[in-house]
Amino acid sequence: MFLAINEIKQSKLRYALVIGVMFLISYLVFFLSGLAYGLAQENRMAVDKWKATDIFLSEKANDSLNMSMIDSDIASQVKAKEKAVLAQTAGIIYDANNENKKNNVSFFGINSNEFLNPNVIEGRDFKNKGEVVADISFKNQYDYKLGDKIKLATNNEVLTIVGFTDNAKFNISPVLYTSLETFQQIRYGSNSNFQPKTTYNAIVTRGKISQQPKGLQKLSISKFIDKLPGYSAQVLTFGFMIGFLVVIAAVVIGIFIYVLTMQKIAIFGVMKAQGISSRFISNSVIAQTFILAFSGVLIGLLATLGSALILPEAVPFQTNLLFFGVITLLMIVVAIVGALFSVRAIVKIDPLKAIG
Amino acid sequence: MKAIELKNVKKSFKDGDETIEALKETNFSVDKGEFVAIIGPSGSGKSTLLTIAGGLQSPSSGEIWINGRALNEKKEKARAKVRFEEIGFILQASNLVPFLTVKKQLQLVDKVNKAKENRAGLDLLKRLGLEKLVDKYPEELSGGERQRVAIVRALYNDPTIILADEPTASLDTEKAYEEVKILAKEAKEKNKATIMVTHDLRLVDYCDKVYLMEDGRLSEKVD
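First to last, the protein sequences are chains A and B. Residue numbers 185 to 540, in this note's numbering, belong to the letters of the first sequence in order. Residue numbers 983 to 1205, in this note's numbering, belong to the letters of the second sequence in order.
Taking lysine to aspartate or glutamate and the DMTMM-like style, the derived pairs with C-alpha atoms no more than 25 angstroms apart in a straight line are:
{"hint": "1", "chain 1": "A", "residue 1": "K537", "chain 2": "B", "residue 2": "E1148"}
{"hint": "2", "chain 1": "B", "residue 1": "K1063", "chain 2": "A", "residue 2": "D534"}
{"hint": "3", "chain 1": "A", "residue 1": "K193", "chain 2": "B", "residue 2": "E1127"}
{"hint": "4", "chain 1": "A", "residue 1": "K537", "chain 2": "B", "residue 2": "E1067"}
{"hint": "5", "chain 1": "B", "residue 1": "K1006", "chain 2": "A", "residue 2": "D534"}
{"hint": "6", "chain 1": "B", "residue 1": "K992", "chain 2": "A", "residue 2": "D534"}
{"hint": "7", "chain 1": "A", "residue 1": "K537", "chain 2": "B", "residue 2": "D1197"}
{"hint": "8", "chain 1": "A", "residue 1": "K537", "chain 2": "B", "residue 2": "E1003"}
{"hint": "9", "chain 1": "A", "residue 1": "K196", "chain 2": "B", "residue 2": "E1122"}
{"hint": "10", "chain 1": "A", "residue 1": "K329", "chain 2": "A", "residue 2": "E341"}
{"hint": "11", "chain 1": "A", "residue 1": "K537", "chain 2": "B", "residue 2": "D999"}
{"hint": "12", "chain 1": "B", "residue 1": "K1093", "chain 2": "A", "residue 2": "D534"}
{"hint": "13", "chain 1": "A", "residue 1": "K537", "chain 2": "B", "residue 2": "E1121"}
{"hint": "14", "chain 1": "A", "residue 1": "K537", "chain 2": "B", "residue 2": "E1196"}
{"hint": "15", "chain 1": "A", "residue 1": "K537", "chain 2": "B", "residue 2": "E1058"}
{"hint": "16", "chain 1": "A", "residue 1": "K196", "chain 2": "B", "residue 2": "D1117"}
{"hint": "17", "chain 1": "A", "residue 1": "K532", "chain 2": "B", "residue 2": "E1055"}
{"hint": "18", "chain 1": "A", "residue 1": "K193", "chain 2": "B", "residue 2": "E1121"}
{"hint": "19", "chain 1": "A", "residue 1": "K532", "chain 2": "B", "residue 2": "D997"}
{"hint": "20", "chain 1": "B", "residue 1": "K1093", "chain 2": "B", "residue 2": "E1067"}
{"hint": "21", "chain 1": "B", "residue 1": "K1170", "chain 2": "B", "residue 2": "E1160"}
In short, the hints are calculated from the structure, not lab data.
Working from the sequences, and respecting the hints, build out all of it.
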């Protein structure tokens, strides 16, 4: 530590540059993981909000919520500690006062007395026909207020926003919660003569399942999330990018430390001649790597948290302190692994050459 | 009392098919408080003798005893320990670490030693008029000042032996005399055994004994 700190103090610019490189790489890693996490959350947030254990889809739906269709009499045969029915469809809505303002949304038709009914953070629950509770992004990002009217692009049905809830995004779209009755109206239109009987897309359960009818496929919620369209591919892609970046960071700092070590071979040789052990010198190089990696990563982390404050609402960036903690640790550990090449070089230095 | 003793020490290198005897069979010892010089042309083997005596390389055969400890059979790690505890090196260019200030050169020894600062060592800095330079880096010192700091550094750990390899090579005559005078005085006062390798014959006035090295053969020079 003594050598490490004193050397950094003497060659401030050189080490500031190394820390700078480490900072840039870690900033990129943190930022990317924030984006990856944010995007993943926008896919699954509304599902996590259920705090459910399992979901039933129709057997032929191939794990797709969209394709699943369950009759109400079959739904009633599912017996579990807690259960709730869910009708879901994607839709396009626009502002009733401004036809140019369009949004992709996801409708959740639910029973308000079952556990899928979300917490309302502003306004009230849906009660009457045509009322919906919307994700808070409708207010924060799209400038809707309580009482605003929205129109369905498909059949011109008009709905009223009566409440807002938080963390309600599914498939990167904000969720509009409504009653099953209104959901029928959304799906088929109220003026149509064709009014089929109510069907559900899924049965969501909490706790132990005591009865499972034929024709239904049971998925755990984590499996269900993995099967969300594009979700696994996205998470894998980002995961690999972040993983490679961490490895690259290790290689880069490893190379820097190695070059710096090579420049000091003569000095280390004299030290070894004086009887200072390889271990003492190696420890100081490791300590130096730790200081450089730690400072760079810490500045990268602070810059990321700072950037998160000024990002526009539309950017799907979310900080997850656990992820960031793991990445911080990982970056520092792999940087030190990279420095081990230099330790090998130090051990090999022949003190005789320093004298001769 | 013998501080360092070389018994029947030989060193040979293989150079292709040939074997080169860099150091022929040598018996050599230096007592505590004794200051000896080894002179000789370059390539005569005087540096080989110094590095063997300092435990930087092993002899092909023979024994080395430093302060009653046998050195030749030890592994590098153990030899490093003996070097650190028993030997102070003063080298041609400098044995100073370029990124440490004068004060910190000495603190480094304390750190390796896991010891508190050595008052006597710091007093020596003062006596040699170096106390104003304690916060300077080696590159900010003159050649003479650098070698004086090197002398303090070599003595700081209170070793048994001082090994000086051409310590005045980078100094002019006047400075060279001055530094050797200081080295001789301090080494004598502290009862160190000092071996100085040099090719500068004018410096031997300060030495108790002078050895001549020629073609790997060491002989005492009697004036």
